[in-house]
Amino acid sequence: AQSVSQHNHHVILSEAASLELGCNYSYGGTVNLFWYVQYPGQHLQLLLKYFSGDPLVKGIKGFEAEFIKSKFSFNLRKPSVQWSDTAEYFCAVNPNQAGTALIFGKGTTLSVSS
Amino acid sequence: DVKVTQSSRYLVKRTGEKVFLECVQDMDHENMFWYRQDPGLGLRLIYFSYDVKMKEKGDIPEGYSVSREKKERFSLILESASTNQTSMYLCASSLRQGNEQFFGPGTRLTVL
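As given, the protein sequences belong to chains A and B, one line each in that order.
Sequential numbering of the first sequence, starting at 41, is according to my numbering.
Sequential numbering of the second sequence, starting at 123, is according to my numbering.
Mixed in with the good hints, there may be bad ones.
[To be verified] Simulated DEER-style distance windows between Cβ atoms:
#	chain 1	residue 1	chain 2	residue 2	range
1	A	E106	B	E191	38 to 48 angstroms
2	B	R166	A	E106	22 to 32 angstroms
3	A	E106	B	S187	36 to 46 angstroms
4	A	P80	B	R166	38 to 48 angstroms
5	B	Y132	A	G93	20 to 30 angstroms
6	B	T127	A	P95	14 to 24 angstroms
[As the list claims (entries may be wrong)] Sample of chain A residues at the chain B side, in silico, Cβ under 8 angstroms:
#	residue
7	Y79
8	L86
9	K89
10	Y90
11	S92
12	T126
13	T140
14	F144
15	K146
Source of the hints: derived by calculation from the structure; they are not laboratory data.
Every value quoted in this text rests on a predicted model; they were computed, and no experiment measured them.
Note that the Cβ used here is the ideal one computed from N, Cα and C, for glycine as well.
Turn these sequences into a full structure, and let the hints guide you.
Set out below in structure tokens:
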């Protein structure tokens, strides 16, 4: 079965530290890739997405992600985190097949201390 | 602005009750989804619909049913609520399959 793995369950960083959250998926065909964020008490919102083209995509709030096809990975990065980045982050993959929905990873909780 | 609304933010029901969770989107999206979100398990897909009156089972459909009579509305039904259905329920919609999904605020359901 297709799956999405987020390797870090909980990441704790100090402000200004760099962030990289791992995401790997297990589907060999063409995929659309997403990172979502859920701030405390808020609904899920899209951080960034990749459909095709430049494998380095930029999203909101200074986040970026790189699609590496050979590694089936779509890691999320931010050079310098802020306290307000404290949230839960979800990677999601959509295999480009009719009748399929997004497959979500289990999420990574990021805690940033000021 | 894109909007997905859910009928309740918090709901408390008793075991055995029939529960309706309503979701409405105002974006004329074709696809609608119901997930449940539990700590450590991420989002798990219950059902989705890619057209009016169409439905597809997701990963955990047992104990749930859905209804989509109108394009903008997607209802999740718990025929006989059980305590293991205590969870956060999220509704989402997307314009087409494969596009990004837009999420509602969620309904936190507690079954006593």
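Results for each hint:
no. : hint                                 : verdict
1   : A/E106 to B/E191: 38 to 48 angstroms : holds, 43 angstroms
2   : B/R166 to A/E106: 22 to 32 angstroms : holds, 27 angstroms
3   : A/E106 to B/S187: 36 to 46 angstroms : holds, 41 angstroms
4   : A/P80 to B/R166: 38 to 48 angstroms  : violated, 21 angstroms
5   : B/Y132 to A/G93: 20 to 30 angstroms  : violated, 42 angstroms
6   : B/T127 to A/P95: 14 to 24 angstroms  : violated, 35 angstroms
7   : Y79                                  : violated, 12 angstroms
8   : L86                                  : holds, 5 angstroms
9   : K89                                  : holds, 5 angstroms
10  : Y90                                  : violated, 11 angstroms
11  : S92                                  : violated, 11 angstroms
12  : T126                                 : violated, 16 angstroms
13  : T140                                 : holds, 7 angstroms
14  : F144                                 : holds, 4 angstroms
15  : K146                                 : holds, 4 angstroms
Hints 4, 5, 6, 7, 10, 11 and 12 from the list above are not met by this structure, while the remaining hints are.
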